[in-house]
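Colleague: Each protein sequence line maps, in turn, to chains A and B.
For the first sequence, the numbering used here gives the first residue as 45, with consecutive numbering after it.
For the second sequence, the numbering used here gives the first residue as 93, with consecutive numbering after it.
Hints were generated in silico from the structure; no laboratory data involved.
Do not rely on the hints blindly, as some may be mistaken.
Stated by the list, open to error - Away from chain B, derived, C-beta distances all over 10 Å, residues of chain A:
no., residue
1, E81
2, T91
3, P96
4, L234
5, Y244
6, T249
7, I270
8, L278
9, F298
10, L324
11, F350
12, V351
13, P355
14, A361
15, V362
16, V370
As the list claims (entries may be wrong) - Some chain B residues near chain A, calculated using beta-carbon distances under 8 Å:
no., residue
17, A108
18, I148
19, I185
20, Q187
21, L191
22, D193
23, N194
24, L195
25, A199
26, L203
27, G213
28, P215
29, V216
30, D314
Backbone N, C-alpha and C define an ideal beta-carbon position, used for all residues, glycine too.
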Amino acid sequence: MTTTEAAPDVIKPIRWLDFLAAFRAWLFLGILLITFEIWAHVVYNSTFLLNPFNVQSITVFTVTPLLLGLGQTFVIISGGIDLSVGFTMGLSAVVTAHVFNWGTQFGSPVLSLGLAVFAGLAISVVPGVINGLLIADLKVPPFIGTLGMYGVARGVAFLLARGTTVPVQNGLLGAIGNGTIAGFPNVVLLTIVILLVMHYLLSQTRYGQHIYAIGGNVNAALRAGINVRNDTVLLYILSSLTAGCAGILYTAKFSAGAAQAGEPVLLDSIAAVVIGGASLFGGSGTVIGTIIGALIIAVIQYGLVFVNVEPFWQFVAVGVVIIISVLVDQIQKQVGKDGANG
Amino acid sequence: MGRMDSVSVPSPLLEAENVSKRFGGVHALKEVSLTLYPGQVLALAGDNGAGKSTLIKIISGVHHADGGKLRYAGREIKFDNPQQARDCGIETIYQDLALADNLDVGANVFLGREPVRRILGLPVVDRRLMREEAQKTLRALDIQIHRLSNPIRSLSGGQRQSVAIGRAIHWKARVLIMDEPTAALGVPEQRKVMELIANLKESGVGIIFISHNLIDIFQVSDRIIVLRRGSKVGERRTSETNSDEIVRLMVGG
């Protein structure tokens, strides 16, 4: 039984754990970078972090899981999940490649590029709208609804690609996808722009605030007059759109659209969101957290290759980080509850 | 029944006249009337299924009455949804409080009505304003909450109840419906909430108070309406009755 007098006693451990929980992702990232840096110095007498090539590779490598995890962050904060993003990305990649090829036969690669990007985004909206309506109107559990869409998007993407990858004929797309501005890869710069928009949306707007409220207590949100239905539909559209962006950037980078482009990255992208501090029960998470989470995964995967560890250890390492991350979250929540209830 | 004889008789804030409600074959509410004056606490007593929650859901716009009339400040009213009731100044605090545990006090007070300022033309939720306004309201109610920027998950049950009440008051509630406000609280916190209700009375809010706890009802209410199986079986001034009589009315002995 708590009395008001007892409250000060429980503040300290909560603060301490809050801090650890809030900054765990930064902590992981810091430890990883320092470890690899020391390793590089001791074993190879070189540097890991200060090598621009490494930094560039890691950031480019981060783009896909990060974009897939970005809309996912919104969805997970609301208490949902979107399993369809991997193949939505593939669908968008294939459509982008097809439309670009179709356009370039009539000349004007630039116009075709615009058309291809538009088509890639437009097709990615379709699974999002369907997911949103299934979940918001028909009350299908997000896990099941988006799992169904995972299958549908997968099938359609492979059908459109005729079971193979769709190479891009004109060089413009590849030139953009692999180009740099002042040393920064274009794909990374574009991703940063998308990140800024999404960060603003989540952290500064009423819509973002309402997503947190929906994830925290959907009944409270409803009674407060928040349009939970429309907000939910928009969530899954956003998730699909960022996946579509990932697909377009994939096609640009590899000069080919592949239906399976996002498949191996889906779980990494969810892992990035969770490592970044989001709870799968909804109510918490940030764009910055997801960025750090995606960077952690990329640093582990790239770093272990860099130091010549067998690549399969990546899976072990990422898995361990996910488990630790969720454990910290659980312990902090438990202690927080005990503190409030006595 | 009980033409109310408070010392200075103000006009009634809220009146329900012969309100009825059916759910299929179940007659959940049969021609129940009540009158609520500003600065008064009206307690609804009754066993489970007596119709208490059906009655408050009609007043707060969740259900439509099948028969009867509602008047607010003398005007006849009909609510299509809870938002309209709230816009009218009728706020309901449900047992579960309807708070988002992951948000801070300010965000909860302003839930769904967040103020926005512009930075470089872009709309941005004004968190500082929310926090300051919430603090002002809570202070006016003599509610102490430190760490206003923490998620309210870290608050105690009584503090959370205070936040829910503070939210209602911040949005100028003139009628406050409280469903079992002390049910989930420890004894010291119950006392705090009862004090808060006394404060609200003084500031002229009309309160409809639902409780299973007769001690609370007698401590805080001015009048008691007893419901049984959807009908009003009695209305007493609290000062002129005792718990034996109320219990008798409740169980129909």
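Colleague: Each hint should be assessed against the structure and marked as holding or not.
Modeller: Okay, the hints, checked on the actual structure:
{"no.": "1", "hint": "E81", "in the structure": "holds (36 Å)"}
{"no.": "2", "hint": "T91", "in the structure": "holds (39 Å)"}
{"no.": "3", "hint": "P96", "in the structure": "holds (33 Å)"}
{"no.": "4", "hint": "L234", "in the structure": "holds (20 Å)"}
{"no.": "5", "hint": "Y244", "in the structure": "violated (7 Å)"}
{"no.": "6", "hint": "T249", "in the structure": "violated (6 Å)"}
{"no.": "7", "hint": "I270", "in the structure": "violated (5 Å)"}
{"no.": "8", "hint": "L278", "in the structure": "holds (16 Å)"}
{"no.": "9", "hint": "F298", "in the structure": "holds (35 Å)"}
{"no.": "10", "hint": "L324", "in the structure": "holds (14 Å)"}
{"no.": "11", "hint": "F350", "in the structure": "holds (38 Å)"}
{"no.": "12", "hint": "V351", "in the structure": "holds (39 Å)"}
{"no.": "13", "hint": "P355", "in the structure": "holds (38 Å)"}
{"no.": "14", "hint": "A361", "in the structure": "holds (30 Å)"}
{"no.": "15", "hint": "V362", "in the structure": "holds (27 Å)"}
{"no.": "16", "hint": "V370", "in the structure": "holds (17 Å)"}
{"no.": "17", "hint": "A108", "in the structure": "violated (22 Å)"}
{"no.": "18", "hint": "I148", "in the structure": "violated (14 Å)"}
{"no.": "19", "hint": "I185", "in the structure": "violated (10 Å)"}
{"no.": "20", "hint": "Q187", "in the structure": "violated (12 Å)"}
{"no.": "21", "hint": "L191", "in the structure": "holds (6 Å)"}
{"no.": "22", "hint": "D193", "in the structure": "holds (5 Å)"}
{"no.": "23", "hint": "N194", "in the structure": "holds (4 Å)"}
{"no.": "24", "hint": "L195", "in the structure": "holds (6 Å)"}
{"no.": "25", "hint": "A199", "in the structure": "holds (7 Å)"}
{"no.": "26", "hint": "L203", "in the structure": "holds (4 Å)"}
{"no.": "27", "hint": "G213", "in the structure": "violated (12 Å)"}
{"no.": "28", "hint": "P215", "in the structure": "holds (6 Å)"}
{"no.": "29", "hint": "V216", "in the structure": "holds (5 Å)"}
{"no.": "30", "hint": "D314", "in the structure": "violated (28 Å)"}
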